[in-house]
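Enquirer: The primary structure of each chain is shown beneath.
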Amino acid sequence: MNLGKVVGTVVSTRKESVLDGIRFLLVRLVDADGRDTSSFVVSADAMGAGVGEMVLTAAGSSARQTSMTQNRPVDNVIMAIVDTWEVGGETKYTK
Amino acid sequence: MNLGKVVGTVVSTRKESVLDGIRFLLVRLVDADGRDTSSFVVSADAMGAGVGEMVLTAAGSSARQTSMTQNRPVDNVIMAIVDTWEVGGETKYTK
Amino acid sequence: MNLGKVVGTVVSTRKESVLDGIRFLLVRLVDADGRDTSSFVVSADAMGAGVGEMVLTAAGSSARQTSMTQNRPVDNVIMAIVDTWEVGGETKYTK
Amino acid sequence: MNLGKVVGTVVSTRKESVLDGIRFLLVRLVDADGRDTSSFVVSADAMGAGVGEMVLTAAGSSARQTSMTQNRPVDNVIMAIVDTWEVGGETKYTK
Amino acid sequence: MNLGKVVGTVVSTRKESVLDGIRFLLVRLVDADGRDTSSFVVSADAMGAGVGEMVLTAAGSSARQTSMTQNRPVDNVIMAIVDTWEVGGETKYTK
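Which chain is which? The protein sequence lines are A, B, C, D and E, in order.
With the first letter of the first sequence counted as 1, position 85 gets the number 100 in the working numbering; the numbers rise by one all the way through.
With the first letter of the second sequence counted as 1, position 18 gets the number 33 in the working numbering; the numbers rise by one all the way through.
With the first letter of the third sequence counted as 1, position 23 gets the number 38 in the working numbering; the numbers rise by one all the way through.
With the first letter of the fourth sequence counted as 1, position 75 gets the number 90 in the working numbering; the numbers rise by one all the way through.
With the first letter of the fifth sequence counted as 1, position 40 gets the number 55 in the working numbering; the numbers rise by one all the way through.
Calculated from the structure, these hints are not laboratory results.
Keep in mind it's a predicted model, so treat the numbers as computed, not measured.
The C-beta atom is built at its ideal place from N, Cα and C for all residues, glycine as well.
There's no promise every hint is true.
Taking beta-carbon pairs under 8 Å as the criterion, some of the chain D residues facing chain A (in silico) [to be verified]:
hint	residue
1	V22
2	T24
3	V25
4	R29
5	F55
6	R79
7	G104
Only pairs whose alpha carbons sit at most 30 Å apart, straight line, appear in this in silico BS3-like list of lysine-lysine [stated by the list, open to error]:
hint	chain 1	residue 1	chain 2	residue 2
8	A	K110	B	K107
9	C	K107	B	K110
10	D	K107	E	K110
11	D	K110	A	K107
12	E	K107	C	K110
All chains, please: the whole structure from these sequences, using the hints.
Expert: Shown next as structure tokens:
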């Protein structure tokens with residue numbers, strides 16, 4: 016999984032019909048210290064995540080292992096909101 | 016999913032027969048500000064996308080979760096046409 | 016899918032028995048203008064492609080969606096020979 | 016699979032319910048000499064790994080081939096604790 | 016698939032029980048000329064490969080399409096030992 020920060024939303028009205036009701040969020044990937052990287056991904060929001068929240072995203076077929084995304088053409092999903100993480104005993108992020 | 020802009024078409028007459036009728040589009044990936052990157056992908060068009068349109072693409076096995084691409088040797092699909100997206104409250108693209 | 020040019024062949028006699036009869040080709044990936052990149056992949060040839068031909072390759076589980084590659088330990092397949100492609104109205108490659 | 020070192024933990028209370036009880040660890044990828052790289056991944060811990068241990072991680076759908084991760088939205092799993100590895104006859108790491 | 020050279024072995028006693036008996040090899044990826052790259056992968060050995068041999072590796076779910084790796088948390092497999100390959104009519108490697 017990747018750590019990322021929700022930074023925006025993507026709106027689409029013309030899409031595969033099975034995608035109706037799924038919110039697509041722009042997630043900026045962060046490094047282990049919580050700093051922004053130049054990479055981002057568009058992720059299906061299975062958690063009701065808000066802009067600014069740190070999340071975990073799962074990619075590939077694993078992104079379809081939620082009731083919201085099952086059997087849908089979605090290759091990335093937010094499956095957890097992050098409360099905190101630490102590296103080497105040092106807290107790098109707290110919600 | 017990735018954000019990209021449709022920039023061209025790929026024509027192939029000699030191909031796996033199950034691919035007949037699928038349009039292959041050249042999609043230039045863009046960054047979160049909508050600017051072209053140097054990366055591109057050839058994507059199966061499940062949406063009737065036109066050149067110049069911003070789209071969302073799904074990769075891997077997720078690319079086969081549309082009626083057009085199911086069970087076909089296709090690893091990338093356009094599954095949505097993008098209307099608009101915003102980052103940090105700022106609109107980065109509007110159709 | 017990726018655009019690439021067939022540049023060589025890989026020969027293996029000691030391999031998983033289900034791979035007997037599958038030709039492995041070396042495919043140099045090209046950019047949107049058809050120029051060689053430094054990346055290449057070894058691809059199973061489902062199309063009878065020849066050296067010098069431009070092809071489309073599918074990766075991952077999608078590479079197993081041909082009768083030749085089904086259920087086999089193959090993660091890349093040539094599923095189309097490219098006739099032509101164009102970007103922004105300009106032809107970038109013609110067979 | 017990738018070689019990596021467990022360097023931290025990620026805590027999430029709001030997550031897909033099927034993820035309850037799965038520990039998420041921060042794994043720093045290492046090179047063939049065992050040195051840290053700048054890449055890391057968040058991995059589901061199927062082994063009871065501890066911080067500082069060298070591990071093997073499996074990605075993608077393969078990450079769901081453990082009883083802990085099966086059918087869950089998890090794309091990376093720690094499936095082995097590494098005792099030692101050697102390159103060219105030289106031991107690069109010993110637990 | 017990728018071309019790589021077996022350069023070492025990884026030993027793990029504490030691992031998912033379904034992995035018992037699978038040998039994990041360190042494979043250094045090579046370029047089209049057979050030269051070492053800085054990338055490597057840990058691969059399950061389905062072929063009885065030896066250190067120094069050039070091999071083909073398959074990644075992702077395709078790595079589970081051998082009797083040794085089926086349904087196991089393994090995302091890379093050696094499925095062929097390479098005898099020779101050539102690029103543009105020039106032999107780049109012979110066993």
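Enquirer: Could you run down the list of hints and mark each one as holding or not?
Expert: Here is what the structure says about each hint:
1. V22: Hint holds; V22/D Cβ to chain A Cβ min 5 Å, cut 8 Å.
2. T24: With Cβ-Cβ at 6 Å, under 8 Å, it holds.
3. V25: Holds, about 4 Å.
4. R29: holds (4 Å)
5. F55: holds (5 Å)
6. R79: Holds: closest Cβ of chain A sits about 6 Å from R79/D, inside 8 Å.
7. G104: Status violated, d = 32 Å.
8. K110/A x K107/B: Answer holds: K110/A to K107/B is near 27 Å, not above 30 Å.
9. K107/C x K110/B: holds (27 Å)
10. K107/D x K110/E: holds (27 Å)
11. K110/D x K107/A: holds (27 Å)
12. K107/E x K110/C: Measuring from Cα to Cα gives roughly 27 Å; hence the hint holds.
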